[in-house]
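Peer 1: Generate coordinates for the entire structure from the input sequences, incorporating the hints supplied.
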Amino acid sequence: MTLSDHPLLEVTGLTKTFPVRQSLLSRWRGQPRRAVQALTDVNLSVKRGETLGIVGESGCGKSTLARTLVRLYTADSGSVRYGGQDVLALSGAELRGYNRRVQMIFQDPYSSLNPRMTVGQVLREALGVHKMRPADQIPARVSELLSLVGLPAEAANRLPHEFSGGQRQRIGIARALALEPECLIADELVSALDVSVQAQVVNLLLELQERLNLTVLFVAHDLRLVRHLSHRVAVMYLGRVVEVASTEAAFEAPKHPYTQGLLAAAPTLDPGSRSLEPAISGELPSPLNVPSGCAFRTRCKSAFGRCATERPLLSDTGDGHMVACHLYSGAGPT
Amino acid sequence: MMVMGTTQTTMTSPSSPLLSVRDLNVRIPTPGGELHAVRGVSFDVAPGEVLGLVGESGSGKSVTLRALLGLHRAPIKMSGEVHYGGANLLSMPDRALRSVRGGQISMIFQEPMTALNPVLSVGEQITENLREHRNLKGKAAQDRAAELLDLTGIPSPRARLADYPHQFSGGMRQRAMIAIALASEPKLLLADEPTTALDVTIQDQILRLLLKLVGELHMSVILVTHDLGVVAQTCDRVAVMYGGRLMETAGVGELFARPKHAYTHGLLGSLPGSGSHSSNHRRPLTPIPGGPPDLRALPQGCTFAPRCTYATGECRFSEPPLVEVAPGHASACLHHDRLSVLEVSV
Chain Y
1 MTLSDHPLLE VTGLTKTFPV RQSLLSRWRG QPRRAVQALT DVNLSVKRGE
51 TLGIVGESGC GKSTLARTLV RLYTADSGSV RYGGQDVLAL SGAELRGYNR
101 RVQMIFQDPY SSLNPRMTVG QVLREALGVH KMRPADQIPA RVSELLSLVG
151 LPAEAANRLP HEFSGGQRQR IGIARALALE PECLIADELV SALDVSVQAQ
201 VVNLLLELQE RLNLTVLFVA HDLRLVRHLS HRVAVMYLGR VVEVASTEAA
251 FEAPKHPYTQ GLLAAAPTLD PGSRSLEPAI SGELPSPLNV PSGCAFRTRC
301 KSAFGRCATE RPLLSDTGDG HMVACHLYSG AGPT
Chain W
335 MMVMGTTQTT MTSPSSPLLS VRDLNVRIPT PGGELHAVRG VSFDVAPGEV
385 LGLVGESGSG KSVTLRALLG LHRAPIKMSG EVHYGGANLL SMPDRALRSV
435 RGGQISMIFQ EPMTALNPVL SVGEQITENL REHRNLKGKA AQDRAAELLD
485 LTGIPSPRAR LADYPHQFSG GMRQRAMIAI ALASEPKLLL ADEPTTALDV
535 TIQDQILRLL LKLVGELHMS VILVTHDLGV VAQTCDRVAV MYGGRLMETA
585 GVGELFARPK HAYTHGLLGS LPGSGSHSSN HRRPLTPIPG GPPDLRALPQ
635 GCTFAPRCTY ATGECRFSEP PLVEVAPGHA SACLHHDRLS VLEVSV
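Heads up: the sequence lines are chains Y and W, in that order. Under the numbering used here, read the first sequence as residues 1 to 334, first letter to last. Under the numbering used here, read the second sequence as residues 335 to 680, first letter to last.
If you're looking for bench data, these hints aren't it; they were derived computationally from the structure. Quantities reported herein were computed from a predicted structural model and do not represent experimental measurements. Please note that a few of the clues may not be correct.
[Said to hold, decoys possible] Per label pair, the in silico range of CB-to-CB distance:
| # | chain 1 | residue 1 | chain 2 | residue 2 | range |
| --- | --- | --- | --- | --- | --- |
| 1 | Y | 74 | W | 468 | 52 to 62 Å |
| 2 | Y | 6 | W | 362 | 55 to 65 Å |
| 3 | W | 421 | Y | 110 | 16 to 26 Å |
| 4 | W | 454 | Y | 317 | 46 to 56 Å |
| 5 | W | 614 | Y | 6 | 24 to 34 Å |
| 6 | Y | 302 | W | 546 | 41 to 51 Å |
| 7 | W | 453 | Y | 108 | 24 to 34 Å |
| 8 | Y | 110 | W | 425 | 33 to 43 Å |
| 9 | W | 362 | Y | 85 | 47 to 57 Å |
| 10 | W | 546 | Y | 301 | 15 to 25 Å |
| 11 | W | 648 | Y | 125 | 48 to 58 Å |
| 12 | W | 617 | Y | 88 | 35 to 45 Å |
| 13 | W | 662 | Y | 313 | 51 to 61 Å |
| 14 | W | 550 | Y | 253 | 28 to 38 Å |
[As the list claims (entries may be wrong)] Stretch by stretch, here's where chain Y covers chain W in the computed footprint (C-beta under 8 Å, at least three residues):
| # | segment |
| --- | --- |
| 15 | 359-371 |
| 16 | 501-511 |
| 17 | 550-564 |
| 18 | 590-604 |
| 19 | 646-653 |
[Unchecked claim] Listed below are several chain Y residues computed to face chain W (Cβ distance under 7 Å; list not exhaustive):
| # | residue |
| --- | --- |
| 20 | 194 |
| 21 | 265 |
| 22 | 279 |
We put the beta carbon where it would ideally sit given N, CA and C, even for glycine.
Peer 2: In structure tokens:
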């Protein structure tokens, strides 16, 4: 086994619920407190230098997963191991060290930067808190970071509102890179940007990943982009990982009915291939009330008896192609 | 079918357009100077046609759509002509315009939650339109409202009439908004990014529904979107906007196969999946350099020239007019015949 076969990040059985506020009356009546099932038994691993794409629709838990991985949320149960460390048990200096090595870039370049801090202040703060450089070297490092993301050195003196969306996303990337991370978690990195600008930021990410040997978790709903960037893809639905496969396998030969439907629903650029019927009918169930068994069974054309009673577990169907679906777990429909 | 160029056209053939827009201009005064958001836009919509108005943020696509129904108020200035049913909507008195607006021409919006009235039930919002434009009242209006909800694919429609918008999911709200818009049996539906706020599987459902209704009700649609995939999967013809102007218009197949404007060409070329996907996996994309133009300080000549790899001195001298460069295909690009062949994969 070579070093790169070792997972850098390993997520096992990760579960996160958000309790819903309960009225006094229902508490007095002793009604059970309801909770949003944001993540249910999530299992994933990411290799060093790899890009793992995480896709799914709103409410599938992809952003909760990203935030739980950087400890912005506290997991209910499960484990996250990073380079052998138990991430969920870290505290103090060890947690700060982890937070330095695993950096998150946020979706909205308009709200994730402090509007009253110049770009230079933003970067100096990051460098100072983590004592990345002696004080006299910080100005040089700020210029270096800005040039790394393709911004001029004088950008340091300007405020976020003076930049376009694409430039702000570059600032967000520079801030993450200030800490010389090993792993970037990019949550909808370019979805707030115009199409003509997206490619610029995507290219920057590709180039930086190559140069700095970064591991990337690319959380996005744009399937075309995920296909282009990812080595492997994890598909989530209602807080669960339903399929993990190499990008080629996930897009060319998806196994889970949800993945198949999701790919068919995404509008392609070929006007000649129009369908008349929607790929998946029905609405997304409420995450407060996830269907029993397989969460997708209420919209699945292939659902059968066992899907309602037993939750399918993510299991390997060969070549590391993991699927959580009873169609592939031996006893299919009878 | 679309006609370009001069402001006066004499189209009386069997394919005479349902709506004709000529030299539409919208100017928005701002503290930083006047913003010329729509500049001399002309296009036609044929009966039964789905026309895509596509562009990035700030291209003027939504402003154009709203101008068609005179939805801009002072100090915003509109000029030009919007011909519908033998009249110019822009010079029509308010009272007469009200019977067209929401009647023969309906509109649906991006955010159903902000476009719907939160304190009226969905049923009341549909019957309001039925009363105003179809003169239906009481039981007849209730029955028709339930029919409309059923038509848009809302289960147990009669029971849902009493529900309020907040009791509907995002996709359901968009269905309800479509039901309200269809109540007046419009000839033309204006749709402003109707699926942008929705998830991809719900977007797919709503777009299929719209196409089904277009066929059944013989409506025309102007669909404003920034999503080229949505255009490819929904529209018959496409008009591409950039910096407040129409850059290119063509049939949808023609536009994706043979773009004739450097901007459209660059946009399609910048998408991942251009070229054969396996060999291009994780390769750098081909971005359009720079950023969108500042509408308060537009460059002289072609608005796209500062970002264009094909631009020459001539492009920076005067703004090229939109002219027909192939049958049914118009472009405002001087270099439309120099663009390299694109290989856009699905």
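Peer 1: A separate judgement is required for each hint: does it hold in the structure or not?
Peer 2: Each hint tested on the structure:
| no. | hint | verdict |
| --- | --- | --- |
| 1 | Y/74 - W/468: 52 to 62 Å | 56 Å, holds |
| 2 | Y/6 - W/362: 55 to 65 Å | 58 Å, holds |
| 3 | W/421 - Y/110: 16 to 26 Å | 42 Å, violated |
| 4 | W/454 - Y/317: 46 to 56 Å | 51 Å, holds |
| 5 | W/614 - Y/6: 24 to 34 Å | 29 Å, holds |
| 6 | Y/302 - W/546: 41 to 51 Å | 25 Å, violated |
| 7 | W/453 - Y/108: 24 to 34 Å | 30 Å, holds |
| 8 | Y/110 - W/425: 33 to 43 Å | 40 Å, holds |
| 9 | W/362 - Y/85: 47 to 57 Å | 55 Å, holds |
| 10 | W/546 - Y/301: 15 to 25 Å | 20 Å, holds |
| 11 | W/648 - Y/125: 48 to 58 Å | 49 Å, holds |
| 12 | W/617 - Y/88: 35 to 45 Å | 37 Å, holds |
| 13 | W/662 - Y/313: 51 to 61 Å | 55 Å, holds |
| 14 | W/550 - Y/253: 28 to 38 Å | 36 Å, holds |
| 15 | 359-371 | violated (count 0) |
| 16 | 501-511 | holds (count 3) |
| 17 | 550-564 | holds (count 5) |
| 18 | 590-604 | holds (count 5) |
| 19 | 646-653 | violated (count 0) |
| 20 | 194 | 4 Å, holds |
| 21 | 265 | 4 Å, holds |
| 22 | 279 | 5 Å, holds |
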